[in-house]
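**Student:** Sequence:
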Amino acid sequence: MKTEELFAEHLQCLVAEYSEALQAAKLAEHSVLVHSGMAHDHYADDHAMPFRAWGHYLRWLPVDRPDQLVLIRSGKTPVFFAVIPQDFWHDQHVDMPLWWAKEFEIVILSDLSQLARELRPRLDTHEKLVFLGEGIALAESLDIAPQAINPPRLLSQLDFRRAFKTAYEVHRVANANALALTGHQAAHDAFLDGSDEYDIHMAYLRACRALDQDLPYPSIVAVNEHAATLHYQHKQRRSSADQSHNRVLLIDAGCRSAGYCSDITRTWVRPDCHPEFKALLAGVQSLQREVIEAIKPGMNYIDLHVHSHRLLARLLVDTGVCIGTAEEVFETGLTTTFLPHGLGHLLGLQVHDVGGRMTAPDGTIATPPPQFPALRTTRTIQNNMVFTIEPGVYFIPMLLDKARAGDHVGLVQWKLVDELLPYGGIRIEDNIWVNNGQPHNLTMRPLPD
1 MKTEELFAEH
11 LQCLVAEYSE
21 ALQAAKLAEH
31 SVLVHSGMAH
41 DHYADDHAMP
51 FRAWGHYLRW
61 LPVDRPDQLV
71 LIRSGKTPVF
81 FAVIPQDFWH
91 DQHVDMPLWW
101 AKEFEIVILS
111 DLSQLARELR
121 PRLDTHEKLV
131 FLGEGIALAE
141 SLDIAPQAIN
151 PPRLLSQLDF
161 RRAFKTAYEV
171 HRVANANALA
181 LTGHQAAHDA
191 FLDGSDEYDI
201 HMAYLRACRA
211 LDQDLPYPSI
221 VAVNEHAATL
231 HYQHKQRRSS
241 ADQSHNRVLL
251 IDAGCRSAGY
261 CSDITRTWVR
271 PDCHPEFKAL
281 LAGVQSLQRE
291 VIEAIKPGMN
301 YIDLHVHSHR
311 LLARLLVDTG
321 VCIGTAEEVF
331 ETGLTTTFLP
341 HGLGHLLGLQ
351 VHDVGGRMTA
361 PDGTIATPPP
371 QFPALRTTRT
381 IQNNMVFTIE
391 PGVYFIPMLL
401 DKARAGDHVG
411 LVQWKLVDEL
421 LPYGGIRIED
431 NIWVNNGQPH
441 NLTMRPLPD
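Position one of the sequence shown corresponds to residue 1 (my numbering), numbered consecutively onward.
Hints are computed from structural coordinates only; laboratory data are not their basis. We put the beta carbon where it would ideally sit given N, CA and C, even for glycine. Treat the hints with caution; some may be incorrect.
[What the hints assert, rightly or not] Restraint ranges, calculated between C-beta atoms of paired labels, are given here:
hint, residue 1, residue 2, range
1, Ser110, Ala360, 42 to 48 Å
2, Met38, Asp189, 36 to 42 Å
3, Glu327, Thr3, 35 to 41 Å
The task is simple: from the sequences and hints, build the whole structure.
**Tutor:** Here you go:
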């Protein structure tokens with residue numbers, strides 16, 4: 001299907017979804033006004049922070065700008081209130097390609113103060129309105145009842161349902177993956193050429209034809225021991241390229257397509273890297289494939305996470321990092337020393353998409369097990385979900401020091417661990433779509449026709 005056909009079908013699904021959500025939230029007689037968000041300056045400054053529109057607004061149309069609004073009314077064409085200021089300081093042009101613009105009534109405003117005047121004739125005399133979004137003062141200026149501003153029951157319904165992606169949304173996530181993979185290849189080549197973290201990052205951006213603010217999250221470009229910092233935020237610079245310096249590159253970087261995100265991690269090593277670290281990398285790659293193959297609708301994501309830790313225990317024993325049996329390593333909790341983060345998270349308009357711990361549309365939350373507190377996803381896997389699978393192995397000094405002082409110090413081969421400390425860690429992350437009962441790897445395979 002063409003993009004315009006996918007988007008038209010997507011909007012039909014959204015209209016039905018909002019109708020069901022309003023009914024469930026006992027707001028069936030309401031229309032909905034969704035706000036994109038507000039621009040904010042840095043503290044005590046007149047320069048704005050980079051803006052990112054709210055996910056529930058971006059599901060309706062891909063205009064990533066502040067103070068835009070969409071009106072959703074039962075049985076009527078949605079209205080896009082495009083606020084385009086008369087401004088000679090900034091370029092205020094909004095691109096409106098026909099593939100999405102033809103699905104909306106578009107009302108151009110030069111200022112938010114014009115909204116009330118344009119909104120009234122589009123509502124029936126006694127029509128009630130729900131406001132969703134950041135602009136609370138704007139909602140109050142429209143005389144929207146306080147209980148109809150971001151009602152939690154409706155937001156819970158929408159958050160829960162956002163886990164289920166339409167064909168258009170899957171298409172966008174797949175496209176974001178394809179864009180990011182060009183950057184990952186460029187980063188790999190720069191790493192092997194001896195580039196520092198800064199130049200590897202710039203190679204990624206050039207290949208993706210992106211600016212930093214275009215990316216869904218700040219890229220993690222971690223060389224050597226920096227890979228042990230899970231969300232390493234720097235881009236170290238060296239005075240010159242040095243192939244001998246680069247032993248390991250862990251790069252966690254994505255792209256966006258019409259607001260939808262990819263989230264991909266690769267770990268690369270030089271041929272002369274420590275042989276046991278290379279064995280661990282091959283093992284994590286194999287482990288990830290085994291976890292993906294185990295994905296089935298009806299399975300709880302917690303069980304998938306536990307499965308990954310059992311596989312990790314076996315890998316740690318097989319590579320000589322741990323001593324004893326895989327069962328001992330798992331039962332003592334030692335695997336969390338080497339893998340302290342969750343197996344993955346929902347993915348979509350946000351990198352960590354909403355609803356990952358919800359068990360029902362009413363907002364009921366399933367907390368992660370106490371031994372895995374960082375797990376972001378605890379809900380049951382179902383068709384049309386998109387999420388990441390990102391196992392890893394890390395040599396994090398803080399956690400290793402705790403293990404050295406713990407009751408199970410004898411289960412770790414510390415001489416080998418000390419040799420591997422300078423290599424930091426490994427993570428392999430792909431984006432998975434559950435389709436017709438089977439996992440489809442959007443990072444590794446193109447979409448089926």
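**Student:** Tell me, in ascending order, the numbers of any earlier hints that this structure violates.
**Tutor:** The structure breaks only hint 3.
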